[in-house]
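Quick note on the working numbering: the first sequence kicks off at 962 and runs consecutively.
Among the hints, erroneous ones may be present.
Between beta-carbon pairs, the in silico distance windows are [what the hints assert, rightly or not]:
#	residue 1	residue 2	range
1	Gln1017	Asp1455	46 to 54 Å
2	Gln1017	Arg1074	21 to 29 Å
3	Arg1195	Ser1078	28 to 36 Å
4	Arg1362	Gln1033	50 to 58 Å
5	Gly1365	Ala982	22 to 30 Å
6	Pro1205	Asp1465	41 to 49 Å
Lysine to aspartate or glutamate pairs mimicking EDC-like chemistry, simulated, CA-CA at most 20 Å apart [what the hints assert, rightly or not]:
#	residue 1	residue 2
7	Lys1390	Asp1430
8	Lys1456	Asp1381
9	Lys1062	Asp1043
10	Lys1191	Glu1143
11	Lys1344	Asp1303
The set of hints was computed from the structure by calculation and includes no laboratory data. All residues carry an ideal CB built from backbone N, CA and C; glycine is no exception.
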Amino acid sequence: MRRVLLIDLARTSASVAADSARLAKIGHIAELLSRVRPEEAEIAIAYLSGELPQRQIGVGWRTLQDLPEPRQIASASLTRIDDLLSRIKAQSGPGSQAARKELVGELFRSVTRQEQSFLLRLLAGELRQGALNGVMVEAVAKASGTPAAEVRRALTLRGWLPAVGAAALTGGVEALRAFHLEVGRPVSPMLAQSAPNIPAALEKLGGLAALEWKLDGIRVQAHRSGSDVKVFTRTLDEITAQVPELMEAVLALPVDDIVLDGEVIALRPDGRPEPFQVTASRVTSKIDTARLRETTPLSVFFFDALRVGGVDLLDLPDSERHAALARSVPAELITPRLVTSDPDEGMAFFAEVVRRGHEGVVAKSPNTPYAAGRRGAGWVKVKPRHTLDLVVLAAEWGHGRRQGKLSNLHLGARDPQSGDFVMLGKTFKGLTDELLAWQTERFLALADGPSDEWVVRVRPEMVVEVAFDGVQRSPRYPGGMALRFARVLRYRPDKRPEDADTVDSVRELLF
DNA sequence: TTCCGACAGTGGGGTCGCAAT
DNA sequence: ATTGCGACCCCACTATCGGAA
């Protein structure tokens, strides 16, 4: 059988994009995977799910501009492309950006137009074929003749689908079952769905739930084997060196073979949380950590135990994992928690958490095992929600399925002194297709002032009700503040711009 | 037949490190 | 010294498909 080349992936990707049915997408990918050589399976799975074996190679939209003309004959092998991407990633030091650009040029010169299109979307991180990890799990299962649940389980434990998929294709279900939690290698973290309030969250979980403080910090997964500690983020990147406080806390535990899940956060001396920006800055700074921990110390709160004393706990229910956590970690390092089925008790807990300045509450089903991905809504987060009536100052043309529609709105609050509007951020969220069509027409009619290729400025007449999580300090916007996670609730045709909320009322929410 | 869980897509603000200017 | 880019922290919401009910 002919060797699978890059052009075959590009064609498969085009077929996947052309069919909207998920089963058809899975069929196209599985067909290709069944033909790929074992030594190139990992590359094929990575590319077709929008990832690179190198993860990141330091190439973004800017480096991908002004690409050379394609060649006519497709011949590029997956191994050759993979080698080139590794060389691109390896560039560093002075001259590296020019060298990367040169190698990217070499890469694109060596492939056809269809391959260029595929590589461009792949490297830009926008495959837009309607298939990523979720579809690829099913495709791997189909091509390897293994149950999707086994693929999913191995993915949770290994955290990297191309490796799991390659193992399934060569070794079948036995190879999948050989994946275990490995201390020092991060597992895919369990994520939460959301609910508007505590009663809704309790109902989603079937009545009884463990409620925990939701801290606005950085998710951490801590692994300890003997005196060796490693700490990983939600995307499985290692940050051990940036969080010495966490390392020391884990080393002080009485158990030396342990994997914990939790959150690091910078707290003020009075125990209230610093703004998220402070925690994020502290955790990402790699220079002078010793001095930073004096000025901005980190606290850690664990909420789950994946392994204690050499025993894996992932498949146990939450209540048992938490009991194991409580036995091996001192109480002051455990996220405060209340088990209840009483909505009133739950709402009082929520109110108290918010009063203390924290982000909200995560409700957890006591029966749920630790699982990333599709195994139901075991965790549900609840956060308070603010709303404002703001004025649309401009709108940006959308991309992809929003092409040709005005999508992203510039939002302004009224300045009572000047009578002008002060921009507080943008949002594209909460808009239905119907609303997108309507606002495109409406804003083109309101167009006014200097518009460019992307931004259409409009007369400040439309009032829109916006929900958001909070107000943060901004170095970018003129008022010095910006909305966090803004989304549209509805337009307010009954309101005039003079009725919109003022910058002063927004400033009151900034602390 | 209808309902609902899971996915993919569409982008948001902020900060860092690094290389180029 | 400043600016631009890439990467990665945090993330909400809608449309769609297809299995569950």
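Verification of the hints:
1. Evaluation of the 46 to 54 Å hint for Gln1017 and Asp1455 yields a pass: the beta carbon distance comes to about 48 Å.
2. A beta carbon spacing of about 26 Å between Gln1017 and Arg1074 agrees with the range 21 to 29 Å that was offered as a hint.
3. Remark: the range hint 28 to 36 Å for Arg1195 to Ser1078 is upheld by a beta-carbon distance near 31 Å.
4. Range check, Arg1362 to Gln1033: about 32 Å between beta-carbon atoms, so the 50 to 58 Å window is missed.
5. For the pair Gly1365 and Ala982, the beta carbons lie near 25 Å from each other, so the given range of 22 to 30 Å is met.
6. Between Pro1205 and Asp1465 the C-beta distance comes to about 42 Å, which sits within the given range of 41 to 49 Å.
7. Using a Cα cut-off of 20 Å, the hinted pair Lys1390 and Asp1430 holds, with the two alpha carbons roughly 13 Å apart.
8. Pair hint Lys1456 plus Asp1381 holds up; C-alpha atoms about 17 Å apart against a cutoff of 20 Å.
9. Restraint check for Lys1062 and Asp1043: the C-alpha separation of about 16 Å stays at or below 20 Å, so the hint holds.
10. Straight-line distance between C-alpha atoms of Lys1191 and Glu1143 comes to about 12 Å, which keeps the hinted pair within the 20 Å bound.
11. The suggested pairing of Lys1344 with Asp1303 holds, with an alpha-carbon distance near 18 Å, which does not exceed 20 Å.
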